[in-house]
Amino acid sequence: METLQHLWPPVKLTLQLASVTTLTVLLVATPLAWWLARSKARGKEVVATIVSLPMVLPATVLGFYVLIALGPSGPGGRIANLWGARTLAFTFTGLVIGCIVSSLPTVVQPIRNAFEAIGDRPLEAAATLRASPWQAFWRVALPLASPGILSGAVLGFSHTVGNFGVVLMIGGNIPGRTRVMSTAIYDYVEAMKWDEANILAGGMVAFAFVVILSMILIEKRFARMRA
Amino acid sequence: MSVGQTIRAAFRNELAGFTLDTAFEAPAKGVTALFGPSGCGKTTVIRCIAGLIRVKDGYCSIDGEVWQDRDGTFLPTHKRPQGYVFQEASLFPHLSVRKNLLFGAPKEKPKDRPQIDFDEVVDLLRVRHLLERPPGNLSGGERQRIGIGRALLTQPKLLLMDEPLSALDRKTKSEILPFIEKLRDHFAVPIFYITHDLTEVERLADQLVLLEKGHVVMAGSLAELESNPNSPLATSREAAVSLTGSVSSFDPQYGLLHLSVPGGVLTAPSPPAEINERRRLRILASDVSLAREYPGRSSILNVLPARVVTLKPLDPYESLVVVALGESGDGERLLSRMTRKSVEELELAEGLSVFAQVKYVALGAGRGEE
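These protein sequences, in sequence, are chains A and B. Start counting the first sequence at 1171; every next residue gets the next number (my numbering). Start counting the second sequence at 4; every next residue gets the next number (my numbering).
Hints are all accurate, no fakes.
Beta-carbon label-pair distances, calculated as ranges:
| # | chain 1 | residue 1 | chain 2 | residue 2 | range |
| --- | --- | --- | --- | --- | --- |
| 1 | B | Glu68 | A | Glu1215 | 40 to 48 Å |
| 2 | A | Val1231 | B | Ser169 | 53 to 61 Å |
| 3 | B | Glu215 | A | Asp1290 | 26 to 34 Å |
| 4 | A | Pro1313 | B | Ser169 | 24 to 32 Å |
| 5 | A | Gln1305 | B | Glu215 | 37 to 45 Å |
| 6 | B | Asn140 | A | Gln1305 | 22 to 30 Å |
| 7 | B | Ser41 | A | Ala1393 | 31 to 39 Å |
| 8 | A | Leu1223 | B | Glu135 | 44 to 52 Å |
| 9 | A | Thr1230 | B | Pro96 | 40 to 48 Å |
| 10 | A | Pro1345 | B | Glu135 | 54 to 62 Å |
| 11 | B | Ala191 | A | Gln1305 | 26 to 34 Å |
| 12 | B | Ser169 | A | Thr1230 | 54 to 62 Å |
Since the hints were derived computationally from the structure, they do not count as laboratory data. Remember, predicted model here, so these are calculated numbers, not experimental data. Just so you know, even glycine gets a beta-carbon here, dropped at the ideal spot from N, CA and C.
Produce the entire structure from the sequences given, and follow the hints as far as they go.
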C-alpha cells in the first residue's frame, strides 16, 4: 500500500481543481445562459459562438492563448503582480482559469436549454404576482432550471477531471502543484510505470461511469417530479 | 360617476395588418366583460392593461392612478396592483399549492381596501384539501381555482381574467362558473373578464365592452346593451336580457319565488330564498310574447303591464320588440321576438301599452344583499 501513497496528490489536486472550477464556472455560466436564453439582442448568437469555440478548438490552441493571457505580458501577469508574482501560468489559479474557459460551453449549453424550456409564461405569471424581474429569476426561473443547472455542474466537473491538453499547456505538470490525474497518467506511461497508470486510468473510467449514470438517474427523477 | 372610480383604457397599435384601436372606460365595480370573437384583440387589450405588452400609444388608469400614459409613463407589471388569471392556470410546478397561493401575497395588509383573507379564499374555492400537494397532478378545474386564488391573494385593485374557462371542458366550466360568481359577489374587487362565450357574459357581467376587429363596437351596462336593438347581442338568436331582482316573497305551497324588478314583479319556481336577496334573472327574447288585452286563464304566470319602446325588423319575417315594464313604461326592458304578422295584427307602435307574457324566467345564483 505504501507504494500507492504517491498516487494521492494528483487525485487530490484533480478533485480540488474540479470543485473550484465547477463552482466558479456556474457563477459565470448561469447569468450568461440566462442572457443567451432571454435577451433579444442581435449579437447574442455571436457571443454564443465565441463561448462555444473551446468545444471545437484543439486543446493546444486554447491552451496557447490562455497561456499567453496568463503570462507575464498578458492580463494574468498584471493580476499576478498584485501579490508580487510574475505570472498566473503554471499555478493552480491559472489551471482554474484555463479549465473555466474550456468547460464553459459544456456548462452553458444545458443551462441555456433549461432556461429556454421554461418559456415566457411562468415569468409573466411571476410578474403579475408582484415579483420583480430579479425575484422572478430567483424564485421561478432558477428553481425551474435546476435540473439543467445540475447537469451543467456535473458535466463541468467531469469535463475538468478529464481535461488533459489545456492543463498540460498552462499547468506544466508540476508535481504537487499542477500535476493532475490525466497528466500523471501520461507521465506514468512515459516512465513505463504500468501499474500506477492502470490504477489511475481505471479510477477515471469508474468515475466517468458513475457520473453518466447519476446524470441519467437525476434526469429521470426530475422528469417524474414534473409529470 | 367620478373619475376616481373609473377604469380608463385606450390602446392604439398597428401590427402586421391588424389595427388595434380601443378606448373605453368602465366603472371600477363589478364585472366588466370584454366580449368578442377570437382574434378581435381582446387578449391584447387585457395584456396591455396588465403591462405584459407595451404599446407606445396607450393610456391606462384606475382609480385615478395612471399605469400608462403617452408621455412615456409605464408602470412595470410587477408594480401594478392587479391580479391576473391566465387561460391555463400557469401554476408554478416546483411549489406546493399553498406556496403557489401565497406567492404574490404581500406581507403588509393593504391600507386603502379590505384585505382578502387566505382562509376565506381557500374555503370559497374549496382547495383546502389540496394545499400541501404539488400542482402537477391536479385536475384542470382545481388548477384554475388555485390560479384564481393566487391572483386574489395579491390583494389586487383590479382582477384581470383572460378567458379563464376556455381551456376547460364543459363540465369543469360549469363547476368553476359558480366560484367566479361567488368571488364577484363576495370580494369588492372589480373584474375585467375576457370571453367569447355569451353564456359567461350573461351570468357574470355587469358592464360589457363589445370588441370587433380591434375596435370597440359598443360599451355600456349589460342590461343596456342587451336591450339595445342595434347591438349584435339583441339581434342574435339567443338574445336575452339579464336583470337583477330582489326576493320579495316566497310561496311555499307551490315553491314559487316572487322577485321585484324595476317596473314589476316576476315569479319563478325555486327553492326558498331569503327575503331581499338579490338574484340574477335571465329572460330570452323568444320566451316573451305580447298581448293588447290582459289575457284570461293561462299557464303563463308572469303577465306584466309594459310599454313598447322600439320595434326593429330582423328580417322580412321576424321583428324584435323592446318593451319597458310598468304602466308608464319606466321599468326594466325586455326583448320579445315575434313574427311580422303578429306585429301587424297587434298594431304595435312605439309608446303603446301592452301586456308582456313571460313564459320562462331563468334564475341565477344568489348575489347576496345589497
